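Q: Here is how the chains run, residue by residue.
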Amino acid sequence: MARVYISSVIDVPAVKVWERVRDFNGLPRWHPSIRDSRIENGEPADKVGCIRDFHLQNGDRIREQLLGLSDYDMFCTYSILESPMPLTDYVATLRLTPITDGNRCFAEWSAEFECDEGEVEGLVNGIGNGVFQAGFSALKRQLAV
Amino acid sequence: MVKVVKSTIIEAPVEDVWAILRDFNGHEEWHPAVVQSAIERSNPSDMVGCVRRFKLADGSELRERLLTLSDIDMAFSYCLEDTPIPLLNYVAHVRLTPVTDGDWTFWSWESRFDTPKGREAELKTLVSEGVYQGGFDAIRETMGLARETAQ
Chain A
1 MARVYISSVI DVPAVKVWER VRDFNGLPRW HPSIRDSRIE NGEPADKVGC IRDFHLQNGD
61 RIREQLLGLS DYDMFCTYSI LESPMPLTDY VATLRLTPIT DGNRCFAEWS AEFECDEGEV
121 EGLVNGIGNG VFQAGFSALK RQLAV
Chain B
146 MVKVVKSTII EAPVEDVWAI LRDFNGHEEW HPAVVQSAIE RSNPSDMVGC VRRFKLADGS
206 ELRERLLTLS DIDMAFSYCL EDTPIPLLNY VAHVRLTPVT DGDWTFWSWE SRFDTPKGRE
266 AELKTLVSEG VYQGGFDAIR ETMGLARETA Q
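First to last, the protein sequences are chains A and B.
By the count of the working numbering, the first sequence reaches residue 145 at its end, each step adding exactly one.
By the count of the working numbering, the second sequence reaches residue 296 at its end, each step adding exactly one.
Keep in mind that the hints were calculated from the coordinates and are not lab data.
Because the structure is a prediction, the values reported are computed rather than measured.
No false leads were mixed into what you were given.
No farther apart than 30 Å at their CA atoms in a straight line, the calculated lysine-lysine pairs in the DSBU-like style are these: (1) B:Lys-148 with B:Lys-269; (2) B:Lys-148 with A:Lys-16; (3) B:Lys-200 with B:Lys-262; (4) B:Lys-200 with B:Lys-269; (5) A:Lys-16 with B:Lys-269; (6) B:Lys-262 with B:Lys-148.
Examples of chain B residues toward chain A, derived with CB under 7 Å: (7) Ser-152; (8) Thr-153; (9) Ile-154; (10) Val-244; (11) Asp-246; (12) Phe-251.
We put the beta carbon where it would ideally sit given N, CA and C, even for glycine.
Use the sequences and the hints to build the structure in full.
A: Structure representation (structure tokens):
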């Protein structure tokens, strides 16, 4: 089991960040690595169980299923159904927590998955830096006051 | 039932903050409200179940019992056993989480308790501002960190 954990501080209230990230079909609007996205079968993007089918800027296609969504706890959990990455059993969670001191946002993005021993380092770096940290860095730029 | 949730960012690695906070008797060193503290029966301060007996500046004495201590989660919880301040059924939880982007610490401190009717707001402010926010600021000072500019 490989694990990725990335966390960051975004200097706006957590509810403002949540407005941006809760849309399971909204990645192309804020994540620089995502080119396009659609929800299969015309389902609402906040229907738990819905599937997003999207492309990275490099053309790779990924399908992910929404497993859990909470407006109260501000988290979103999803799994990968199909991707070119050499991994299986991938489950990830994006979670926001208010920082009461300064009314800011503590953002955490974590994932667990199975893969061959030799692939761990590359996948952990690629997902952690290329996807999760890149996403937080983009949010910090976009939401900066 | 009153619930208090406070959190902050300490601009220091999580291991450094945990090294200070995990000592259940260490608050006399850094918390401005505590003037003197001792673990009863000379138990080690990381023995789950140990009791810290401490005095506030006004001379009042409190006893708190350590309920949970986890080095892997960098978390502990405790309850009030004796207090002249009417915080009833008081259980508090402290947890540190690494901020990988910057190598900082997210520190969450929360509790639930009952109070006499009509004193909820007063006692909630005492706990959230006097104890928790006061503790955040004191740790920052202890570690030689500048007060962050809150927005």
